[in-house]
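As they're listed, the protein sequences go chains A and B.
Just so you know, we're using my numbering here: the first sequence kicks off at 1 and counts up by one.
Just so you know, we're using my numbering here: the second sequence kicks off at 1 and counts up by one.
In short, the hints are calculated from the structure, not lab data.
Taking beta-carbon pairs under 10 Å as the criterion, some of the chain A residues facing chain B (in silico): (1) 25; (2) 28; (3) 74.
Predicted model, so just to flag it, every value in this text is computed and none were measured.
Don't be surprised by glycine CBs; every beta carbon is placed ideally from N, CA and C.
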Amino acid sequence: MRNSSGNDLVYLPATRSERTRLPRFYSRILTAAEVEGFARFVGSGLPFDHYVWLCWSVKESVYKYQKRLFPELVFAPLRIEVQQIDPPCGDLDFYAGIVVAQRLVGPTGVASQTLFSRTWVRDGVIVTIVSEDQQFTDTHWGFSAIDSATYADQSAAVRKLALGELSSVLSRDDLRLEKDAAGCPIVLAGDQPLAIPISLAHHEGFIAYSFCSKTV
Amino acid sequence: MDRREILEELKRVLEPYTENKELLRNINEQTDLVKDLKINSSNLVDVIIDAEAKYNIEIDFDSSEKMISVGSCIDVISDKINK
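Make a model of the complete structure from these sequences and hints.
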């Protein structure tokens, strides 16, 4: 299978914590097993509404990862299950997750894919990356705050941030980003698309990217 | 409610979640909520919950997956209203 990349960013102050805690809201995001999974975090300092958005961020990242591979895919949070999520521990400063995503194949078939996630929760910002590689060996990522929360400024800023890192990793200064027909960002050198899967995210005054430098 | 009336109400549901008010005034059934209106994906559940309250309906999970464009939203809402 081709390689891909997926990321997401949630700025928690822009979410509605009271609404997020309502079953009619979170039940559209979390499976029953994921709701039960919050028991591990009771007393950890992670509020339930932050847990909901953490899981959302993982699921959105998985969706972006898969959308590149299966362009017809529609985001369905309940078809993506966070099977395990471990809080930061020891030298690891991120939540490490194992996620199983199911997608419909034909009229009755279902295909599953297991991916791994890493999520950082800091100062009200949730940033997630996902990969097939549990070690994230070839995954590059970053995030930043910006001064504007308009869509146009977010979009321009995240492209600039990602291109800076891409240029550094690939040692090229002729790179640019566009979107393919499915809406996934693609990296081009001149007019030539490169096999570098990239994912972009922005929410309010924050932007994030991830890409995989291993071309498969 | 006919499709035109649902569309007018839907504009009010979507209004808090898009910064492009000019485009919102001129949406049609092909308008995509994320690609065109630039609604942040984290607000998609809000749109469904607000639509349920606005039209006094319940939107099941399978139906909510279809709510990608204005036209598909109207399809789902119309179906639920007329049940």
